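Q: Next come the chains, spelled out residue by residue.
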Amino acid sequence: MLDSIKDFASWFFVTGDPLIYGADVSIVLATIAIFAVLTYFKKWGWLWRNWLTTVDHKKIGIMYILAALLMLFRGGVDAIMMRTQIALPGIKFLEPEHYNQVFTTHGTIMILFMAMPLMFGLFNIIIPLQIGARDVAYPFLNSVSFWLFFVGAMLFNLSFVIGGSPDAGWTSYPPLSELMHNPGVGENFYIWGIQISGIGSLATGINFIVTLIKMRAPGMTLMKMPMFSWSVFATCIIIILAFPILTVTLALLFLDRFAGGHFFTLDMGGNPMMYINLFWMWGHPEVYIVVLPAFGIYSEVVATFSRKSIFGYKSMVFAMLVISIVSFFTWLHHFFTMGSGADINAFFAITTMIIAIPTGVKIFNWLFTMYRGRIRFELPMMWTIAFIPCFVVGGMTGVMLAVAPADFQFHNSYFLIAHFHQVLIGGVVFGYFAGLYYWWPKMFGFKLNHKLGVWAFWFWNIGFYVCFMPQYSLGLMGMTRRISEYTWDTGWAPLNFISTIGALMMGIGFLFQVAQILYSTFKHKKVGNDPWDGRTLEWTTASPAPEYNFAITPHVHAVDDWWATKERRAKGIADDPLPPIEPIHMPKNSIIPPIMGLAWFVAGFGFVFDWWWFYIPGMLGVAICMIARSFSYDTDYYIPVDEVKRTEEAIRGSV
Amino acid sequence: MAQTVAHKGNHAADHDHGHHDPNDLKVVGFWFFLISDVILFSVLFSTFIVLRNNTAGGPDGKELFELPGVIWETFILLTSSFTSGLATLAMNRGKKSQLIGWLVVTAILGAAFVGLEVNEFVKMVNEGAGFSRSAFLSSFFTLVGTHGLHVSVGLCWMIGLMIQLGRRGITETTKGKVTLISLYWHFLDVIWIFLLTIVYLMGVM
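Protein sequence lines correspond, in order, to chains A and B.
With the working numbering applied, the first sequence closes on residue 655, and no number is skipped along the way.
With the working numbering applied, the second sequence closes on residue 205, and no number is skipped along the way.
Just to be clear, a hint being listed does not mean it is correct.
Claimed, not checked - Distance condition first, Cα-Cα at most 25 Å in a straight line; then the derived DSS-like pairs of lysine-lysine:
| no. | chain 1 | residue 1 | chain 2 | residue 2 |
| --- | --- | --- | --- | --- |
| 1 | B | K175 | A | K588 |
| 2 | A | K588 | B | K26 |
| 3 | A | K214 | B | K62 |
| 4 | A | K588 | B | K177 |
| 5 | B | K26 | A | K214 |
| 6 | B | K175 | A | K214 |
| 7 | A | K43 | A | K58 |
| 8 | A | K308 | A | K588 |
| 9 | A | K566 | A | K314 |
| 10 | B | K26 | A | K58 |
No lab work stands behind these hints: they were computed from the structure.
Since the structure is predicted, the reported quantities are computational estimates derived from the model, not experimental observations.
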């Protein structure tokens, strides 16, 4: 009996590595600390009522961002562990199997559990405010989406201490990811972590496109929508069309592993290349899903801090919509070496080059917006300016990779690694940082400390180039990705060592940002509605905005409506008379989303280990939650006029 | 002011401060969901088309498919789509018992469809043509089974709606729900037409 328990535990828990024991201890300590603090300060009720069951888009957005920053930390630690291992030849820091797990989790976490939730966090906080809405189209579904993301991320991270991490790369290509070559549970964690959060992402895509189509304030025609809203619109189109592909692909891979299917197996007629096609039919659009909102953020920031309206509004909109369509016709450039033939490779090489054109249009629009503007070098603007040269270089190397014959040399080398990190860090991460700094006062009512932010900025930027520029050369020298070991006679050691220094510098930059957030939380000045002298509707309401966002729904007349209002006021023209405040219709909090998330977690965990006594109750729980929701009719309430008036006066009094 | 339905086309003029007709919102969102579901089925169709000749020495569609059963399934599902249309008409005339009656007929037809499909699957498995036999059969069971699963979920949803209609009658909220499920039901019908053509008819050709 005791022996069988022992056997089970040594299989169930990941054992044998001191690094993992250290992590186990710190996870347990952190959990105990969180429980103790919440209990001591009697905050459980507060946490449950104000956060976990909330349907308020602003709070959901903050929870997304918190989770994303935690995941950025985990993904970053993975990155530094890898860079340590390959800093020089012969470093015995990670075993090869462990190294495989680390690069797999690094990629998966950074794309799906860091970039996506950071993006959804910004969607949530800003979109309703920017279009003058009281909430998103489906507040309840919004909360469900958050919980699906969260339990998906937790399930994926659990593989670190229970069962073992996935190790077939973030792309998880079969046949390596099939049962024959990968019999452990790691790949199941990969499949279910992504699957559950992916359903949430799809729901968010639908939620926000309907919000943008149906909930804009009166007078805001589509062509008066702010640029960030447009970018979210384009992104949502891609999400709705691309995520179902991922859902099916992962489901088929799971059926292969779980039920003995033959979709991607080597025997019985399966076709592994089909997985690679399907994966990138989602995967390439996914890149544009995360970068388009960053483009939207740059457009907002550039206009605000140059005190000019965005140059070429219509061409910007056109460029984003073109990108959202063309992004579906480039997927094959991820595997030119598959050997589809010259004609097919040529088609995808050309589409890949074509998609650089609308992107180039946007770069010029940002530059022309700055031209003759009165630029203020605040943190959001600094990240935007840093983005432009970085993204141009990343884009150019992308065009080099698109040249199909040359790609046979670049393929899976460090040249590729340097390229996609340059567009994903230089494009996406810089953009989300700019967005975080820009909208932080709207979320919390204070700005983040400038000085610490400047330190973080320079560490990140210098670190970035020190880390990734050598990798282009390493790629051309023949170093391929996903190797954990090389010898001195390759000549790769010096450049790898420099690259590792750059990675550590970016790590220091991140620590500066953590310090910046902590310092500013305790030491700050309250700011008013409009701390950056902004241009769009989110700056007309309080910082942080009350739960109903706008006491009176704004009426929109111009593209940068708030800027136009300020100009009218400067000329001494009075605002239109405001209609009286009316009772405000709001959705009620709901306990169903977190419970449904828990049920999904139980089901996912059961599928990972193939324990029917786990996944059947889990799926039943999911079904019961949906039925309970369908049968509940008491889902909303009205805030009476008196209360709105009291809140508005309190806000005015405090600033 | 609570639940007045905003007149369409009159949006700019209405001063109802962030009020949106909730049913209208739900229908738009549901259309987007259906678009994503179209993509989901397209991926399953393309995997089936890629793998349908990979029988690995096992039986192919010509040997396995029995058209009479499939024709019955088609006939039943198309009829259920018609009866769900009749249910919507009854709802628009405000006739609660007629509405529930037609929904019951629709659900019974749907259940018959699922029953026939399960029967077909069991037969195939018994003939040694199960899910794991070949890539062709894996993709066949997944594609057809996903459609069957959609129909089954629709059945549960319909039963839940009948209970709600019985308790609350025809209100704005329940009207919205019936509209969504009838959209869903017609959508499954369209998918079936493609299944019939691509899987069965082209399979026995």
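Q: Check the hint pairing A:K214 with B:K62 against an upper bound of 25 Å on the C-alpha distance.
A: violated (49 Å)
Q: Is the straight-line distance between the alpha-carbon of A:K588 and that of B:K26 25 Å or less?
A: holds (18 Å)
Q: For the pair we were handed, A:K566 and A:K314, check the Cα-Cα distance against 25 Å.
A: Status holds; Cα separation ~23 Å.
Q: Between B:K175 and A:K214, does the CA-CA distance stay at or below 25 Å?
A: holds (20 Å)
Q: Is A:K588 within 25 Å of B:K177, Cα to Cα?
A: holds (20 Å)
Q: Do the alpha carbons of A:K43 and A:K58 lie within 25 Å of each other, as the hint requires?
A: Roughly 20 Å between the alpha carbons, so the hint for A:K43 and A:K58 holds.
Q: Please verify whether B:K26 and A:K58 have alpha carbons no more than 25 Å apart.
A: holds (22 Å)
Q: Does A:K588 sit within 25 Å of A:K308, going by the straight-line distance between their CA atoms?
A: Distance of about 40 Å is beyond 25 Å: violated.
Q: Quickly compare the C-alpha distance for B:K175 and A:K588 to 25 Å and report which way the hint goes.
A: Measuring from Cα to Cα gives roughly 22 Å; hence the hint holds.
Q: Is B:K26 within 25 Å of A:K214, Cα to Cα?
A: holds (10 Å)
Going through the hint list in order, the structure does not satisfy hints 3, 8.
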